[in-house]
Amino acid sequence: MNFKLKDAIKLHLVIAVSVSIGLFTSCEDEIYPEAGSVNDKTPPSAAFSASQGEGFNDEWKTYSFSNQSSSATDFSWDFGDGNTSTDFEPQNVYPGEGTFTISLTASDKLGVSSTFTENIVIVEPVAPSAVVPPILEASFEDNSLPDGSGDGRDSWRLSGAGVIQITSSPVYEGSQAAKFPSAGDRAAYQALDVTPNSDYTLTYYYTMKTSPSGGNVTVWILPGEVSEFSAIDTSQAIASFAGTDQSSSNDYVKVDLSFNTGANDKVAIFITNNLVESRVDSMSITAD
Amino acid sequence: MKYLKCTLLLALTAFVASCEDDFLEPAPTSVISSANYYTTPEQVESAVFNIYDAIQGVNSTSSNDNHALQYEFYLTEMRSDNTRTKASEGEAAQFENYTIEATNGIVADYYQSYYNVIYRANVALENLNAAGSMAGKLEAEAKFLRAYAYYNLVNLFGDIPLVKNTISPEDKDTAFTRKAVSEVHQLIIDDLNTAIAGLDNSSRFRASKAAAQTLMAKVQLKLGNHLEAQQLCEAIVGSGDYALQANFKDIFFNEGNNEIIFAIGYLPDSTESQLFSAEWLNAVGRTTGVNYVTNDAKAALDAMGGDRTMYSYRVDTGQITQHQVVKYIPDGDAALGITATSSDPRKAGNDWIVLRYADVLLLHVESILAGQASTSSAAALSSFNAVRNRAGLANDADGTITKQELMDERRVELAFENHRLFDLIRMGEAENVLGAFATSVGASFTSSDILLPIPQREINLSGGSMQQNPGY
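In order, the protein sequences belong to chains S and H.
Going by numbering that gives the first Met the number 0, the first residue of the first sequence is number 0, and it counts up by one from there.
Going by numbering that gives the first Met the number 0, the first residue of the second sequence is number 0, and it counts up by one from there.
Hints were generated in silico from the structure; no laboratory data involved.
The C-beta atom is built at its ideal place from N, Cα and C for all residues, glycine as well.
There may be inaccurate statements among the hints.
Claimed, not checked - In the EDC-like style, the derived pairs of lysine to aspartate or glutamate whose C-alpha atoms are separated by at most 16 Å in a straight line are:
(1) H/248 <-> H/332
(2) H/402 <-> S/172
(3) H/402 <-> S/58
Stated by the list, open to error - From the derived model, a few chain S residues whose C-beta atoms are all more than 12 Å from chain H:
(4) 134
(5) 145
(6) 153
(7) 172
(8) 174
(9) 181
(10) 183
(11) 240
(12) 254
(13) 276
Using the sequences and the hints, build the whole thing.
Structure below.
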């Protein structure tokens, strides 16, 4: 009986030792400070975009910042001009033009942080003024193209239309002018790059023979650009002026033709005549 | 016995022969499937009608049904400074508070509905070879509708999956890969170019050339291509097919009028009816009232609405401190001379106007303004004043239209027509305007609130490959 009890105790001891060894072994496997702890799979990531203010006064100096950071709770901004902020989406008023380095540090409550840095170049916006296009061979003079070549009418040709003639007398200025014979079968055409929705004034001079009466020399401003005479549609003209002053065949008459370019970034000058031999000289364009 | 053997052999031979044919993929002969249905032009046209049907949505509250347009006001107008819920309760109130959860059911419903619109458009586009001489027009129509769906989705969600053809459930790559906004814009532009080339202005309830031009103008303005937008607007004006209604009320209560460029039709007391008109009233629909007018919008209409104000909002007779939208009232208003559009207001017949001529005139001004602070262009003033004069207001006082004046005019002209949020985003003013508005009503708006969250369901289905928008 006694012997049996001893055996039983021995057995229990063996089991207890085995269990404690097992326990001890599992303890040795614990290399993490806390059970179930995992790495931060979503550390903070800082990002932002900046937009300039709009308005009539000094709004351009004010920048608004859009915070595009993720997995962050705290934010620290350095605007590069000495100002700082801890707001989520702050604004900053800069002293004026210049390049500024902005940095955003986004951090979480584990103390992990991420920094995003970007330069902005601040310039005062200027109201865009209309482009003043050059008119090539505007006075129909020889060798007046930018490269020093040209016969005075190279820039005015249009496929399918008779090319204008060049006259040396009478002229308004210089030594040559454009001539449109009485047959009315010649045309001058030149496309210009312009700013949409802007006002321009085309100034030119014309003169006509005194007879026969009832003729005209007309300048149209046409939208867009065409490459063929057959594509000309004067019913779409933005503006036009029909010169009919036949009082003198020597004296030139000045015309100011104003127009608004509307929904076009290209317009064309188109000139032709009817019935009477006519001359045109000294074209110029200004943006109003 | 010998005869029987022969028959057996014969039957076996026949069986073996059929095995060799298409035993594993038999074409069903007694039922219709999508693979064999589209064989005539009329059937392909029915596929195009099916796209409109998806945009129209189902008059129900079951989240299994498409709601598309019927839920659009939650995601657009109620996220702007124009409207809110009456009681500020439930997930509908997440919109006005800018506290939208990725699990919001209304957002998920809209997202799913519009991808169903895109799916139906892709089905039509893949069966054009059966459309005969109608193929060109049907392609143009389907592409306009697909562009319209992507336009809404890209404005609301930013980068989105770009599904250009029908895909199988296994194609997770297409369904859950978010493509850049620029890539989505390119598909919209390509689709709209096809639509502009292939359509005329003969319908107000189906896609038209002018509808495609208007949508294209909005996209081009967003991209900063002002000249293109101006030319598109002037083409619509030049078509002579559209005009402003003399009376503001007639735009909404004289259906099919010539100010409408594109509308989604609804039929009263039928399965083709809509529920949103009733939802905007006090317990006429299933809610206690959503899309109620904010004090901010009321003040803007009082100050700048002119004749439009009385047909834009009214006092809620059940609670006189609250204000309801008048546009699209389903059950009539005797004082305003508006008759009911249906006998059951929950089955309203009011059409939804997607695009109208006044919108085009103001887009014309926006395109001439071209991102500048103001314009004095005669063409811009002409369009601007036409809209003002119809509302009983005088011409612009100083002959110079500022950006703020244009934004105000658009707001009061197009109030509660789901334009406000997209206008603010397109004009780069969403953060300014909604930030200030949110502060004034005790909410908080940050730049990440401009985009909605991608529905959590989509992110779950993607197995985690789809990234959420920042801030959610």
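Against the structure, test the hints numbered earlier, and report the numbers of the ones violated in rising order. 2
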